[in-house]
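A.B. asks: Take these sequences, add in the hints, and give me the full structure.
Note that the protein sequences, when read in sequence, are chains H and S.
Under the working numbering, the letters of the first sequence match residues 1 to 373, in that order.
Under the working numbering, the letters of the second sequence match residues 1001 to 1373, in that order.
These are computed hints drawn from the structure, not numbers from a lab.
Here the structure is a predicted model, which is why all the values come from computation and not from measurement.
Careful: at least some of the hints might be erroneous.
[Unchecked claim] The calculated label-pair distances, taken between Cβ atoms and stated as ranges, are:
#, chain 1, residue 1, chain 2, residue 2, range
1, S, 1349, H, 88, 53 to 61 angstroms
2, S, 1242, H, 301, 51 to 59 angstroms
3, H, 87, S, 1191, 35 to 43 angstroms
4, S, 1349, H, 87, 51 to 59 angstroms
5, H, 109, S, 1276, 27 to 35 angstroms
6, H, 324, S, 1092, 44 to 52 angstroms
7, H, 324, S, 1064, 23 to 31 angstroms
8, H, 172, S, 1018, 50 to 58 angstroms
9, H, 274, S, 1242, 33 to 41 angstroms
10, S, 1078, H, 350, 55 to 63 angstroms
11, H, 274, S, 1191, 30 to 38 angstroms
[As the list claims (entries may be wrong)] Chain S residues, not near chain H, derived (Cβ > 12 angstroms throughout):
#, residue
12, 1027
13, 1036
14, 1047
15, 1057
16, 1171
17, 1180
18, 1217
19, 1225
20, 1277
21, 1291
22, 1298
23, 1327
Note that beta-carbon positions come from the ideal geometry of N, C-alpha and C, so glycine has one too.
There are 2 protein chains.
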Amino acid sequence: MGRRIADVSAPARLAAAGEGLGQDELALAARNHGLPLEALRYDVTPPGLHYTLTHYDIPHVPDEAGWRLTVGGRVRHPLDLTLARLRTYPEVTTRVTLECAGNGRALLTPRPVSQPWLVEAVGTADWTGVPLRTLLREAGVESGAVDVVFTGADHGVERGVEQDYRRSLPLGVATGDDPEVLVAHTMNGAPLPPQHGSPLRLVVPGWYGMAQVKWLRDITVLDAPFTGFQQSVAYRLRQTPEETGEPVTLIAPRALLVPPGFPDFMSRTRVVAPGSVTLTGRAWSGRAPVTAVEVSTDDGRSWRPAALEPDHGHRWAWRRWSFVWPAVPGDHVLSARAHDASGNAQPTEQPWNRGGFANNLVQRVPVFCPDVV
Amino acid sequence: MGRRIADVSAPARLAAAGEGLGQDELALAARNHGLPLEALRYDVTPPGLHYTLTHYDIPHVPDEAGWRLTVGGRVRHPLDLTLARLRTYPEVTTRVTLECAGNGRALLTPRPVSQPWLVEAVGTADWTGVPLRTLLREAGVESGAVDVVFTGADHGVERGVEQDYRRSLPLGVATGDDPEVLVAHTMNGAPLPPQHGSPLRLVVPGWYGMAQVKWLRDITVLDAPFTGFQQSVAYRLRQTPEETGEPVTLIAPRALLVPPGFPDFMSRTRVVAPGSVTLTGRAWSGRAPVTAVEVSTDDGRSWRPAALEPDHGHRWAWRRWSFVWPAVPGDHVLSARAHDASGNAQPTEQPWNRGGFANNLVQRVPVFCPDVV
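C.D. replies: Printed below as a string of structure tokens:
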């Protein structure tokens, strides 16, 4: 027996106690990137600062005129659309905060070995495209349909399975209007950059990043639940490898601070002058609107309410918050904690699952406030 | 004695044998990012894919109309320029490949603990701006001047030293025309993105990234050598901490491959179908024009010449190369090796210095070629 393609993959594993990050985790961290946290100050994230996570390679699309989006499966009128044709449909622009399902993974104990995010895998953009429900209505979904599968052009191997990146949504979500799913061709008023799915991607407001299929080339309606790798093997909440697990879906609430003052290069510890410091940040939840943000300046021992700005009509985007902190000399740990209208709140004790998904433990920002600056 | 600002910094150190990456290194890797290597295919790197390295925070510039570039020190006519005024000077556009001085650091044994790059800290852009020599001529450099110091708006602490990011060039380089140093306001035809120095940065073709001062706000001519932290403490080639060391200056030659085939998600091992495979990549050197690229498909045991494209008039940008590889089933390690007109070539044995600078060891790309695909 020769070596097989599956043999290039190692099984999923947890890091041993005290095990530092390996070069496999570093290779992902060096390719992909998070939002530098000071960029939380922008309502809309400049594209090069928005987080990115590419499972395989960014596909090469030398000829956009040749790109096709096909819509098929359990439909009466299969579609085969050029980009030019797609742009003739009425378009919608929605401001959406996207977050990677694995955000927070590298802070977990034990640490699942995968893309090692701390807390920064987030970004907000204005996405413009055609509502998915418009395309599905035109294609005419047949009775008995249950799932809609989205296929990207990115191709690779993952835990022994060679695949195009492929995810599904339940039919009700795919055809719904709250949120309204988009087939997006435009990011912040410009064509999608390569790393954000050029020329087409799915945008599913409120859902974690794994649902936002990039380099979208096919939509297939199924009359049975989709059981592909990214749906049934990856992106499940499990405590043991044997469990079926619950699917990862909507973004759990999270608040992050713009780290105040200035940093040390290596430790990223912040130095803040004593006095009145206005802390600001963002909060979001895909599960329900954010209703409150609390701030702690004593490492979570006490919490006080922050001022939360209105959503300015952007239900699916993060909201700005602020809090005035009378900083006194010494060492402090700052945190913020989001609550949403469904009663979800960020935990102050670590939740854990084998994939390191949907982890929304409160952020800790160590700050040193000197006597004099 | 209270705790001081310097106490937020740890001393420079080397990782112990077998020590994995720490959360401090990860925090830098998650903020900053390299070029996903498949993006070597673009002549000009899209901005969000170009490597970035920010020592402290990306500065907040809410009011570009208020930005000033001052030129002072040993000059007869100090300048105080708005962006609008700067844009009235004749401008120059140069295509430049930039590379971080620390590229390759995380592959070193022992590993210097800092921003942990593998090989991907590179990118190429068309930079437009005002030649620095134009501004220095207008300011009138006085006799006795030796160094020109550039100050950015990014502020932080590094190994105990609170500082604005500040670097110098020898007067001859600053006023030279080969390379012609630019005060750049435009990247690929658009205003600089925040992470690339908005609204102004220095571009010094052929020099490593530490010279390319971002968020540039002051230029000061000195009549004595500049001895600031980033000149005299950081960015020196040293074998021991006690040495003065040699300064890091021009980019050493390097070639990289576009990894062929498709990857495994976690190991990044490539899977390539057997048959004739055209390998492509880029090669560059800041020391002299690239004259040759060799390719090895047997982990460096033998080397054969690649076809090197002309520079198309872009002396300071990477050049494309290609090589046809008859891939046969099995495991392979691919490498490329650049040579330049001054006789510099990439080493096949690891060079080492305490900062992990100017490391241009040949890249190794593990590839699995299955019997059937």
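A.B. asks: All the hints need checking, so say for each whether the structure fits it.
C.D. replies: So, going through the hints one by one against the coordinates:
1. S:1349 with H:88: 53 to 61 angstroms: This hint holds: roughly 60 angstroms between Cβ atoms.
2. S:1242 with H:301: 51 to 59 angstroms: Violated, at about 45 angstroms.
3. H:87 with S:1191: 35 to 43 angstroms: This hint is violated: roughly 27 angstroms between Cβ atoms.
4. S:1349 with H:87: 51 to 59 angstroms: At 54 angstroms between Cβs, range holds.
5. H:109 with S:1276: 27 to 35 angstroms: violated (49 angstroms)
6. H:324 with S:1092: 44 to 52 angstroms: holds (47 angstroms)
7. H:324 with S:1064: 23 to 31 angstroms: holds (28 angstroms)
8. H:172 with S:1018: 50 to 58 angstroms: holds (51 angstroms)
9. H:274 with S:1242: 33 to 41 angstroms: At roughly 38 angstroms between Cβ atoms, residue 1242 of chain S and residue 274 of chain H fall inside 33 to 41 angstroms, so the hint holds.
10. S:1078 with H:350: 55 to 63 angstroms: holds (56 angstroms)
11. H:274 with S:1191: 30 to 38 angstroms: At roughly 36 angstroms between Cβ atoms, residue 1191 of chain S and residue 274 of chain H fall inside 30 to 38 angstroms, so the hint holds.
12. 1027: The claim is violated: residue 1027 of chain S sits with its nearest Cβ about 5 angstroms from chain H, within 12 angstroms.
13. 1036: Violated, since 5 angstroms does not exceed 12 angstroms.
14. 1047: violated (5 angstroms)
15. 1057: At about 4 angstroms from chain H, residue 1057 of chain S fails to clear the 12 angstroms cut-off, so the statement is violated.
16. 1171: holds (29 angstroms)
17. 1180: holds (26 angstroms)
18. 1217: holds (16 angstroms)
19. 1225: holds (24 angstroms)
20. 1277: holds (15 angstroms)
21. 1291: Residue 1291 of chain S is indeed farther than 12 angstroms from all Cβ atoms of chain H, at 28 angstroms.
22. 1298: holds (17 angstroms)
23. 1327: holds (14 angstroms)
In this structure, the earlier hints numbered 2, 3, 5, 12, 13, 14 and 15 are contradicted, and the remaining ones agree with it.
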